[in-house]
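A.B. asks: Just so you know, the sequences run in chain order A and B.
Just so we're aligned: 224 in my numbering is position 224 of the first sequence, and the numbers increase by one with no gaps anywhere.
In my numbering, each residue carries its 1-based index in the second sequence increased by 316.
One or more hints might be untrue.
[Said to hold, decoys possible] Lysine-lysine pairs mimicking PhoX-like chemistry, simulated, CA-CA at most 25 angstroms apart:
{"no.": "1", "chain 1": "A", "residue 1": "K47", "chain 2": "B", "residue 2": "K624"}
{"no.": "2", "chain 1": "B", "residue 1": "K550", "chain 2": "A", "residue 2": "K47"}
{"no.": "3", "chain 1": "A", "residue 1": "K115", "chain 2": "A", "residue 2": "K313"}
{"no.": "4", "chain 1": "A", "residue 1": "K45", "chain 2": "B", "residue 2": "K654"}
{"no.": "5", "chain 1": "A", "residue 1": "K279", "chain 2": "A", "residue 2": "K253"}
{"no.": "6", "chain 1": "B", "residue 1": "K734", "chain 2": "A", "residue 2": "K279"}
{"no.": "7", "chain 1": "A", "residue 1": "K116", "chain 2": "A", "residue 2": "K279"}
{"no.": "8", "chain 1": "A", "residue 1": "K93", "chain 2": "A", "residue 2": "K47"}
{"no.": "9", "chain 1": "A", "residue 1": "K248", "chain 2": "A", "residue 2": "K200"}
{"no.": "10", "chain 1": "A", "residue 1": "K43", "chain 2": "B", "residue 2": "K550"}
{"no.": "11", "chain 1": "B", "residue 1": "K624", "chain 2": "A", "residue 2": "K93"}
{"no.": "12", "chain 1": "A", "residue 1": "K43", "chain 2": "A", "residue 2": "K93"}
{"no.": "13", "chain 1": "A", "residue 1": "K248", "chain 2": "A", "residue 2": "K316"}
{"no.": "14", "chain 1": "A", "residue 1": "K127", "chain 2": "A", "residue 2": "K116"}
{"no.": "15", "chain 1": "A", "residue 1": "K313", "chain 2": "A", "residue 2": "K271"}
{"no.": "16", "chain 1": "A", "residue 1": "K45", "chain 2": "B", "residue 2": "K624"}
{"no.": "17", "chain 1": "B", "residue 1": "K736", "chain 2": "A", "residue 2": "K45"}
{"no.": "18", "chain 1": "B", "residue 1": "K736", "chain 2": "A", "residue 2": "K43"}
{"no.": "19", "chain 1": "B", "residue 1": "K624", "chain 2": "A", "residue 2": "K127"}
{"no.": "20", "chain 1": "A", "residue 1": "K47", "chain 2": "B", "residue 2": "K654"}
{"no.": "21", "chain 1": "A", "residue 1": "K229", "chain 2": "A", "residue 2": "K253"}
{"no.": "22", "chain 1": "A", "residue 1": "K271", "chain 2": "A", "residue 2": "K284"}
{"no.": "23", "chain 1": "A", "residue 1": "K253", "chain 2": "A", "residue 2": "K115"}
{"no.": "24", "chain 1": "A", "residue 1": "K167", "chain 2": "A", "residue 2": "K116"}
{"no.": "25", "chain 1": "A", "residue 1": "K313", "chain 2": "A", "residue 2": "K284"}
[As the list claims (entries may be wrong)] Listed next, the stretches of chain A that the computed footprint assigns to chain B, with coverage defined by at least 3 CB atoms under 8 angstroms from CB atoms of chain B:
{"no.": "26", "stretch": "133–143"}
{"no.": "27", "stretch": "190–200"}
{"no.": "28", "stretch": "254–265"}
If you're looking for bench data, these hints aren't it; they were derived computationally from the structure.
No residue lacks a Cβ here, since even glycine has one placed at the ideal position from N, Cα and C.
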Amino acid sequence: MNWLPTSASTFAPQVDSILFLVTIISVVSIILVSFMLIYFVFKYKRKSVNDQTPAITHDSFLETLWTVIPTILCIVIFIYGYVYYDRYTTTPKDAYEINVTARRWSWSFAYPNGKKTFNELYVPINKPIRLVMQSDDVLHSFFVPAFRVKQDLIGNRYTFINFTPTKEGVFDIYCTEYCGLSHSDMIAKVHVVSEFEYAKWESGEEAKVENAYADMAPSKVGEQLYSSKGCVACHSIDGANGVGPSWKALYGKKREFTDGSSELADENYIKNSILYPVKGPDAKLVKGYGPVMPSYQGLLSDSEITAIIEYIKTIK
Amino acid sequence: MTDHHDFDKNYLENGKGFKSWFFSVDHKRLGVMYLWAIGVFFVLAAIASFLIRFEHLSPGQTIVSAQTYNVLFTLHGAVMVFLFIVPGVAASFGNFLIPLMIGARDVIFPKLNLYSFWVYCAGSIILLGSLLAPVDTGWTFYTPYSIDTGTNVIMVTFGVFVLGFSSILTGINFIVTMHKLRAPGLTWDRLPLFCWAAYATSLLQVLATPVVGITLLLLIGERYFGLGFFDPAKGGDPVLFQHFFWFYSHPAVYIMILPAMGIISEVLPVFSRKPIFGYKAIAYSSLAIALISFLVWGHHMFTSGQSKLINIIFSVITFAVAVPTAIKVFNWLWTMYKGSIELSTAMLYSLAFIFLFTIGGLTGLFLGALAADVHLHDTYFVVAHMHYVMIGGTVFGLFSAIHFWYPKMWGKMFDEFKAKIAFVLIFIGFNVVFFPQFILGTQGMPRRYFNYSPEFAFLHQLSTYGTWILGVGFILMLYVLCRPTGPASANPYNSLSLEWQMPSPPPTLNFKEIPTVNDSTYAYGTKIEQEA
Numbered sequence: 001m002n003w004l005p006t007s008a009s010t011f012a013p014q015v016d017s018i019l020f021l022v023t024i025i026s027v028v029s030i031i032l033v034s035f036m037l038i039y040f041v042f043k044y045k046r047k048s049v050n051d052q053t054p055a056i057t058h059d060s061f062l063e064t065l066w067t068v069i070p071t072i073l074c075i076v077i078f079i080y081g082y083v084y085y086d087r088y089t090t091t092p093k094d095a096y097e098i099n100v101t102a103r104r105w106s107w108s109f110a111y112p113n114g115k116k117t118f119n120e121l122y123v124p125i126n127k128p129i130r131l132v133m134q135s136d137d138v139l140h141s142f143f144v145p146a147f148r149v150k151q152d153l154i155g156n157r158y159t160f161i162n163f164t165p166t167k168e169g170v171f172d173i174y175c176t177e178y179c180g181l182s183h184s185d186m187i188a189k190v191h192v193v194s195e196f197e198y199a200k201w202e203s204g205e206e207a208k209v210e211n212a213y214a215d216m217a218p219s220k221v222g223e224q225l226y227s228s229k230g231c232v233a234c235h236s237i238d239g240a241n242g243v244g245p246s247w248k249a250l251y252g253k254k255r256e257f258t259d260g261s262s263e264l265a266d267e268n269y270i271k272n273s274i275l276y277p278v279k280g281p282d283a284k285l286v287k288g289y290g291p292v293m294p295s296y297q298g299l300l301s302d303s304e305i306t307a308i309i310e311y312i313k314t315i316k
Numbered sequence: 317m318t319d320h321h322d323f324d325k326n327y328l329e330n331g332k333g334f335k336s337w338f339f340s341v342d343h344k345r346l347g348v349m350y351l352w353a354i355g356v357f358f359v360l361a362a363i364a365s366f367l368i369r370f371e372h373l374s375p376g377q378t379i380v381s382a383q384t385y386n387v388l389f390t391l392h393g394a395v396m397v398f399l400f401i402v403p404g405v406a407a408s409f410g411n412f413l414i415p416l417m418i419g420a421r422d423v424i425f426p427k428l429n430l431y432s433f434w435v436y437c438a439g440s441i442i443l444l445g446s447l448l449a450p451v452d453t454g455w456t457f458y459t460p461y462s463i464d465t466g467t468n469v470i471m472v473t474f475g476v477f478v479l480g481f482s483s484i485l486t487g488i489n490f491i492v493t494m495h496k497l498r499a500p501g502l503t504w505d506r507l508p509l510f511c512w513a514a515y516a517t518s519l520l521q522v523l524a525t526p527v528v529g530i531t532l533l534l535l536i537g538e539r540y541f542g543l544g545f546f547d548p549a550k551g552g553d554p555v556l557f558q559h560f561f562w563f564y565s566h567p568a569v570y571i572m573i574l575p576a577m578g579i580i581s582e583v584l585p586v587f588s589r590k591p592i593f594g595y596k597a598i599a600y601s602s603l604a605i606a607l608i609s610f611l612v613w614g615h616h617m618f619t620s621g622q623s624k625l626i627n628i629i630f631s632v633i634t635f636a637v638a639v640p641t642a643i644k645v646f647n648w649l650w651t652m653y654k655g656s657i658e659l660s661t662a663m664l665y666s667l668a669f670i671f672l673f674t675i676g677g678l679t680g681l682f683l684g685a686l687a688a689d690v691h692l693h694d695t696y697f698v699v700a701h702m703h704y705v706m707i708g709g710t711v712f713g714l715f716s717a718i719h720f721w722y723p724k725m726w727g728k729m730f731d732e733f734k735a736k737i738a739f740v741l742i743f744i745g746f747n748v749v750f751f752p753q754f755i756l757g758t759q760g761m762p763r764r765y766f767n768y769s770p771e772f773a774f775l776h777q778l779s780t781y782g783t784w785i786l787g788v789g790f791i792l793m794l795y796v797l798c799r800p801t802g803p804a805s806a807n808p809y810n811s812l813s814l815e816w817q818m819p820s821p822p823p824t825l826n827f828k829e830i831p832t833v834n835d836s837t838y839a840y841g842t843k844i845e846q847e848a
């Protein structure tokens, strides 16, 4: 069994060294305590009710000893924790900044060159990264076990994380501040790639994806977007009730709204619901559901929206 | 109230029926009623936790939906914290024991004491009334989620607000009682350590509880009237709520644990036939812990976005609170040195307390260290740490008290052998439930997760199996306690403490004549040897 997750940032071995140090201190202490406890219980077991016992009430030497030693240990642990924390919170000058926005229940990332990704974070290896993070709604927390970093995201101000990835691979990003129904599914992936790969991704992946899309039926593209853009968190395709209405047999169905009106679910209705789910021109909320869906304006291209609509049409 | 009192009758027999209890101002009856109430709430919240663990038997949905899961962990946390463990030992055994231990006939304000109990009942009913539209915020009610959710947050928080008054009034009552009603000769440095612990707890209750009351009122105002204290959309600050909340809820951790520490300090000397080692260190460290506990709330918020400097300061003070705790553990251990140790059930629970609480305390060192907390915060590591302190500490302390004072409270004895079997099951079950969670958390498993990655499945399942052992242990313990074996003598353990120097169960009036105290409560052993 692995006691620790993969170690994939410069900060990870530092955290692990504190965990190791405190584990040693803890194991020695608990063995000492258990030994004293068990030894005393057997050694001084009651033999009769008339046992004579000494009336020891205090012992200055011992008491000083077990005040001073824990104090020293505590100071050492504090300093370790402080020094590494100080390094972790100090931003390197040449850090590469990526903006992170969390919303129920997805992550979006915006890069300096204008690229945007959804639930997938791309970072180059061995380069200091600084995440500038904000929440669109309730509190969230950005946690990558492999990097040992964690920071809450708040609605009214930016928070930051610094890390330098040291290992290529794909690692989990968890939300660790409880945020409601799909909290445990608010998982994204961070891709640590070589500098070369990263440059390639930065300049060309979009085109590559568009090309890949070119050979695919729109409904197939839509199927991919359904999971990669996070629709899956709230909308089922098997009719199961989620945070939002299921997509099963949605196309062409009569929708009843909270304001009492109703409408058939056609292409324009679906597009409008993706762009203006709660607020905006002609926003409609289906009866029985809360106003929780974030707008996908700017996150999906027109062709992607079309692909999603085509995909919905195929779910019968 | 009845006009006819028979003060010589034992308190259990002085009046029968619901009214004779529910309108009784007798501190012993109130203590027993609190014990029943917290017992019922403990069972309720424990059932919720068993369902939570059962849900985790497999990744994804096992028995309940995500929403039900979120409701269950909120219910478990809110009931355990506000209805069980905060009133907990202090209200039940504090009420029953303090007047007996200090040689008084009752607390100083008996009617206020009854009123506190009624307020507790009212608050409990309001809090549980929220089950009609059960809350899904977690027991911490973090904003802005708690403003945003459609569930019945107002009712739960109002329930907690009302419960706060019960806590404050009980605290005041105990403080004044200990100042005014100590028997002649019972100086502060002879006061039983349980009373010292209850005194420190009462201080916390009186000083910290108003803060959570006000905070929850602000939250209610925000939800009901749309005031913008915490909602960033209205210019409020969600992190402010966390500061307010933990300003109470961290001292509340010590409201929960200090009385249990007091119990350990009573049980160990009796079953070791030794004076408590380092009386003054234990008494003063109770007060020191109580005071420092007001200054460490920010260690719950290292990753919340508060400033770096503040984090560093809170980390320093957090380590400062670890030291008096370590001192207590070694003082308890050394109390057994050269003693005459009897492994009664109560003693076993107390020894288990020392072991489990030490693990709880040591794992706190991981969380106090800033860089390590960045990784461990809000993972199962925290869940395990907290339960080692709250169950391994407080609940084991409570169980020790229930067994230790059983003869005094009910006038009967119980089957020690069967009770010890229950102890073994509870001890093993507890460790199987919570120890794997330390590893889960270190591996990066976040808390409050309905779903989890398959790589965590084995440890989750192990933890769930532990709850079944624990459950059998609880049931066996209850069974044993419900089947007394015979009448108890006044002082079956030869304790020197005042409450054992009267018949079991105690007469309604406690003391016909107020006793005079000439020596320490812990004057066990022969003093000659010490001088040699």
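A.B. asks: Has the given pair, K43(A) with K93(A), been kept, meaning a C-alpha gap of at most 25 angstroms?
C.D. replies: Outside the cut-off at roughly 63 angstroms; violated.
A.B. asks: Within the assertion that chain B covers the stretch 254–265 of chain A, do at least three residues meet a Cβ-to-Cβ distance smaller than 8 angstroms?
C.D. replies: violated (count 0)
A.B. asks: Hinted pair, alpha-carbon criterion (25 angstroms max): K624(B), K93(A). Please report holds or violated.
C.D. replies: holds (18 angstroms)
A.B. asks: Quick one, are K313(A) and K284(A) close enough, alpha carbons at most 25 angstroms?
C.D. replies: Answer holds: K313(A) to K284(A) is near 20 angstroms, not above 25 angstroms.
A.B. asks: What's the verdict on K45(A) and K654(B), does the C-alpha distance respect the 25 angstroms limit or exceed it?
C.D. replies: Since the Cα atoms of K45(A) and K654(B) sit roughly 9 angstroms apart, the hinted pair holds (cutoff 25 angstroms).
A.B. asks: Given the hinted pair K271(A) and K284(A), is their alpha-carbon gap at most 25 angstroms?
C.D. replies: Answer holds: K271(A) to K284(A) is near 12 angstroms, not above 25 angstroms.
A.B. asks: Would you mind confirming whether the straight-line C-alpha gap from K47(A) to K624(B) stays at or under 25 angstroms?
C.D. replies: violated (58 angstroms)
A.B. asks: Need the status of pair K127(A), K116(A): alpha-carbon distance at most 25 angstroms?
C.D. replies: holds (19 angstroms)
A.B. asks: Take the stretch 133–143 of chain A, compare each residue's beta carbon with every beta carbon of chain B, and decide whether three or more fall closer than 8 angstroms.
C.D. replies: holds (count 5)
A.B. asks: Straight-line Cα separation of K624(B) and K127(A) no greater than 25 angstroms?
C.D. replies: holds (24 angstroms)
A.B. asks: For a C-alpha distance cap of 25 angstroms, please report whether K736(B) and K45(A) respect it.
C.D. replies: This hinted pair holds, its Cα atoms lying about 17 angstroms apart.
A.B. asks: Between the alpha carbons of K45(A) and K624(B), is the straight-line distance 25 angstroms or under?
C.D. replies: Given that 25 angstroms is the threshold and the Cα spacing comes to 52 angstroms, the pair is violated.
In terms of the numbered hints stated before, the structure departs from hints 1, 2, 3, 6, 8, 9, 10, 12, 16, 23, 27, 28, listed from lowest to highest.
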